[in-house]
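Chemist: So you can see what is in the structure, the chains are spelled out below.
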Amino acid sequence: MNKHVPNTIRGDHRLISDLITKPGARVLDIGCANGDLLDHLIRSHNIDGRGVELSQAGVNKCVARGLSVVQGDADLDLSAYPDDGFDYAILSQTLQATKDPKQVMQELLRIGKKVVVSFPNFGHWRNRMQLLTKGRMPVTDYLPYTWYDTPNIHFCTIRDFVELSKEVDAEVLKAQALNAKGEPIGFNAPWWVWNLIGDQAVFLLKRK
Amino acid sequence: MTDSAGTATGASETEATATESAVDAIGQQDEVNHPSSKVMRFGLDMPLKLDGGTELAPWQIAYETYGSLNEEKTNAILICHALTGDQYVASTSPVTGKPGWWEMMVGPGKPVDTDRFFVICANVLGGCMGTTGPASTSPATGEPYGLTMPVVTIGDMVRSQAKLVEALGIETLFAVVGGSMGGMQVLQWAAAYPEKVFAAVPIATAPRHSSQNIAFHEVGRQAVMADPDWLNGDYERHGKRPTKGLAVARMAAHITYMSDMSLHNKFGRNLQNRSEITFGFDADFQIESYLRHQGMTFVDRFDANSYLYVTRAMDYFDLAAQHGGKLANAFLHTKTRFCVVSFTTDWLFPTSESKAVVQALNAAAANVSFVEIDSDRGHDAFLLNEPEMFATVSGFLNSAAEARGLNA
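From first to last, the protein sequence lines are chains A and B.
Remember, the numbering used here sits 318 above the position in the first sequence when you count from 1.
Remember, the numbering used here sits 369 above the position in the second sequence when you count from 1.
Check before you lean on any hint, since a few could be wrong.
Think about it this way: if two alpha-carbon atoms lie no more than 20 angstroms apart in a straight line, the pair counts; the simulated PhoX-like pairs of lysine-lysine are [to be verified]:
1) K492/A to K526/A
2) K484/A to K420/A
3) K479/B to K379/A
4) K420/A to K431/A
5) K724/B to K379/A
6) K479/B to K467/B
Worth flagging that the hints you see were computed from the coordinates, not collected in a lab.
Model, not experiment: these values are computed from the prediction.
Kindly generate the complete structure, drawing on both the sequences and the hints.
Modeler: Below, the structure is given as structure tokens:
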């Protein structure tokens, strides 16, 4: 579960960090890569942080820097965690790389009292343009992989994600679209607008 | 501690007095009863309760220490050794003259840094390097216990270590670290004495011994017992030793410590000092010669009965069974920080076993890290130069030390 969207990590991390409002919260970061977000949250919010990471290299880096991280797969290993075991379960830039995003969402909502999800928005106008004009699967700075070698097997748009949230009985507490620089788009807009101009989105959800 | 208060501070009670009884007929130190290392003795008034329902008294535990204990006594790390290890984790073995068995892990500036931590390593109960075991002299008969020694468990080993730690005046261990059977002891420590273990590092281990592993151990034990010189465990009294059987046991076990790939890389089908096969049963292949050598050198340093007892202890280990069949119950409400480590090609203690521990710890909401290290060297990897393992252990211990306020 490496983060697959380069250059935007800090933007969505900053936003996620703002969503964690409970000091000392128990936080599980699924797909924590080399532990940057966890490390940041521990330092800034004094959280009790845990991570799950698929790649061995990522886990080893995390543990060597003193983080509590286990090697695991979001699709397979979340079932071992107890209900409401964490105040926040975070899935940043990982949903699109899971085999069964719906089930992963259900597990997150079970494990975390609140859930934070960030993902690249496939509905961005640039992606739409590439598909429309070139008739090819979009390859952009943010989605740099060709269709046959991408780890991102379940792309969705912001509106798709809103629909999924309904389907898994999640209440959207907050949502924010981010621009190409990873900065929050500073005005509230209907979903269809964010869906066009948001490069990525961050959602805060909880079980209904 | 036979001499009560006098030896309660017995960390310094080394067995330096080489009395006549401490030296055997050929002038060698009697490491079984009078080890060269430190030893803590517990008298008839301080029996050790055993899981088998009996008590052992008097009894003794041989140990080594490295580094120094801080004033608050908060920097002690207990290293638990594997099946045929000993207390000489980071110093020369008095029997083989070889360096400590984990010097890459333990020592000044090493991941288990003896410049910062006070390291204790004790010979296990049932062993043959100074802690009470079947080769020890039974106070009742003046002869070696042999099979009259009660069968011991991993729980008994850990209980004996807890007595030692207590006698050293240490309330809480900063960490307990060990691989293989040592890792079983680490898990047992964390489950039995959660308040005494700040951090736990079980490496290449399992929460229970698998059927396959029990099977391998049984082959080894049967090899020992099939040796005519075993004499129902009474060989010592008859001046004999079942070296052939024990060597075969070691040869079989040694195969399980390596991976197919490491055997292939190291030996392949290479012939031993010859250019052609001999159409006989000599050691034609290098792997045969290597295993024979492993078997032969092993019998010089290990007691056959001790091998039976210690393998049995591993077989009986089943942490979930001790807790109503649910492994997570072994770790309920634990505050201990865990760092679980496995190796990709370890088929004796495969990653799935470590994952079972990790999942149980997650279910118990414990603080756990887990790393699977890519290595082609099988189970033995934990004893070898594996930089990823060192980085993991050192990173984990550093952050745990910070949490315990040891980084002043």
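Chemist: It remains to establish, for every hint, whether it holds in the given structure.
Modeler: Results for each hint:
no. : hint             : verdict
1   : K492/A to K526/A : holds, 14 angstroms
2   : K484/A to K420/A : holds, 11 angstroms
3   : K479/B to K379/A : holds, 18 angstroms
4   : K420/A to K431/A : holds, 17 angstroms
5   : K724/B to K379/A : holds, 19 angstroms
6   : K479/B to K467/B : holds, 19 angstroms
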